[in-house]
Amino acid sequence: MIIIKIKDEEPLDLDEIRKRFIKYTRKGFQLIPKIENPKILDVGCGTGVPTIELAKLSGGKITAMDINTKELKILDKKIIKQKLNNQIKTINKSLFNNNFEDHSFDIIWAEGVFHIIGFKEGFEACHRILKDKGFLVLNSEIKKIKNYLKNLDSLGYKLYDCYKLPDEIWWDEFYEPLERSIKSVLNNNPNLKNDKQILRFQDEIVMVKSNPKDFDTAFYVLQKI
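Going letter by letter, the sequence shown gives residues 384 to 608 in my numbering.
Calculated from the structure, these hints are not laboratory results.
Remember, predicted model here, so these are calculated numbers, not experimental data.
Take every hint as true, because none was put in to throw you off.
Mimicking SDA-like on lysine to any residue, the simulated pairs with C-alpha atoms at most 20 angstroms apart in a straight line are:
1. K592 <-> R563
2. K526 <-> F502
3. K402 <-> Q465
4. K516 <-> P416
5. K461 <-> E436
6. K607 <-> D536
7. K472 <-> P421
8. K529 <-> P595
9. K402 <-> K460
10. K516 <-> Q413
11. K422 <-> D485
12. K444 <-> K476
13. K422 <-> F479
14. K516 <-> K607
15. K456 <-> N468
16. K466 <-> G443
17. K547 <-> Q413
18. K503 <-> E524
19. K516 <-> C545
20. K439 <-> Y407
21. K402 <-> D599
22. K460 <-> I400
23. K579 <-> L395
24. K579 <-> S567
25. K464 <-> D396
26. K533 <-> I608
27. K439 <-> R401
28. K456 <-> P394
29. K547 <-> R401
30. K533 <-> Y543
31. K444 <-> I415
With the sequences and hints as input, model every part of the structure.
Set out below in structure tokens:
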């Protein structure tokens, strides 16, 4: 899965495309047994499209973590606008550099993060701050996580449940609409053809379009043991 990064000045409104995936965030959350007022850490939250939904779904307290300050500022504005100040707080920290106490969270949520930060390293960092029998929820490319699923017990987890997203979902619901958006932006403003954001996503579109199935993903709910 390609991580979506958004800056204030960039020409593409990726949040609007990203919202297409909220229905899958909901299904992923429904795999977790009900926890009253859970404490949730959203790792690599970005501009917080899933974060906002998690707050609404859980009724709990969300710590939204990212190392990108510009994206956190965008999320902070959303939190204020939607009056979620009492539920969500943002933190400009890394999963590997924070002051969380051991056993701090009921749920750790990580959509498309572990293949960036490293699966083994991510599992270890989350294990320390998860409560006993707490849940780690990943949305990950199937081909990149499959070897780790064979040895979960050695990492301190068991597979509680999983949900595979539809085949070729990243092409159908993200990159194909993004390709159309880029064409529209460039038709209106050809001077943006060398914009760094547009060039980056054009490269990703070529990569995903050539073999969409390589980017098939699933939600995995792992429970700490």
